[in-house]
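Undergrad: Residue numbers (my numbering): 3 to 82.
In case anyone wonders, no lab produced these hints; they're calculated from the structure. Where a beta carbon is used, it is the ideal one built from N, C-alpha and C, also for glycine. One or more of the hints may lead you astray.
As the list claims (entries may be wrong) - Subject to a maximum C-alpha distance of 25 Å in a straight line, what follows is the list of computed SDA-like cross-link-like pairs (lysine to any residue):
no.: 1; residue 1: K48; residue 2: Q72
no.: 2; residue 1: K48; residue 2: N67
no.: 3; residue 1: K66; residue 2: G36
no.: 4; residue 1: K48; residue 2: K71
What the hints assert, rightly or not - Simulated restraints, written as ranges between beta carbons of each label pair:
no.: 5; residue 1: K70; residue 2: K48; range: 38 to 44 Å
no.: 6; residue 1: N67; residue 2: S14; range: 19 to 25 Å
no.: 7; residue 1: G36; residue 2: E59; range: 20 to 26 Å
no.: 8; residue 1: F76; residue 2: N37; range: 19 to 25 Å
no.: 9; residue 1: P15; residue 2: M51; range: 45 to 51 Å
no.: 10; residue 1: Y25; residue 2: F76; range: 39 to 45 Å
no.: 11; residue 1: E79; residue 2: G36; range: 25 to 31 Å
no.: 12; residue 1: H65; residue 2: L22; range: 19 to 25 Å
no.: 13; residue 1: K48; residue 2: T75; range: 16 to 22 Å
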Amino acid sequence: MKKTLADKYMDSPLFYLAKLEVYRQGKIPIIKDGNKKVYDIKNTDKFLMDILDKMLELVRLAHKNGQKKQLDTFLKESMR
Numbered sequence: 003m004k005k006t007l008a009d010k011y012m013d014s015p016l017f018y019l020a021k022l023e024v025y026r027q028g029k030i031p032i033i034k035d036g037n038k039k040v041y042d043i044k045n046t047d048k049f050l051m052d053i054l055d056k057m058l059e060l061v062r063l064a065h066k067n068g069q070k071k072q073l074d075t076f077l078k079e080s081m082r
């Protein structure tokens, strides 16, 4: 089975941080099904792109603020 771009980054702490930020901004692709909420499958690709965009933004911000080393350390520690 071929790995998708999302599969490649899914376990990354940076992916998790970006996903939380996307959730916080209310960009969750959810539709209501009766009383429960379910993911809107049609928008899943857009949701993943929002997450990947946020990952890039976090990395660029770290580089811009001279925090690349701290980000690298955080990611290495989180992957243990």
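Undergrad: Are the hints correct? Go through all of them and say.
TA: Comparing the hints with the structure gives:
no.	hint	result
1	K48 / Q72	violated, 29 Å
2	K48 / N67	violated, 28 Å
3	K66 / G36	violated, 46 Å
4	K48 / K71	violated, 30 Å
5	K70 / K48: 38 to 44 Å	violated, 29 Å
6	N67 / S14: 19 to 25 Å	holds, 20 Å
7	G36 / E59: 20 to 26 Å	violated, 36 Å
8	F76 / N37: 19 to 25 Å	violated, 39 Å
9	P15 / M51: 45 to 51 Å	violated, 19 Å
10	Y25 / F76: 39 to 45 Å	violated, 20 Å
11	E79 / G36: 25 to 31 Å	violated, 42 Å
12	H65 / L22: 19 to 25 Å	holds, 21 Å
13	K48 / T75: 16 to 22 Å	violated, 32 Å
The structure shown violates the earlier hints numbered 1, 2, 3, 4, 5, 7, 8, 9, 10, 11 and 13.
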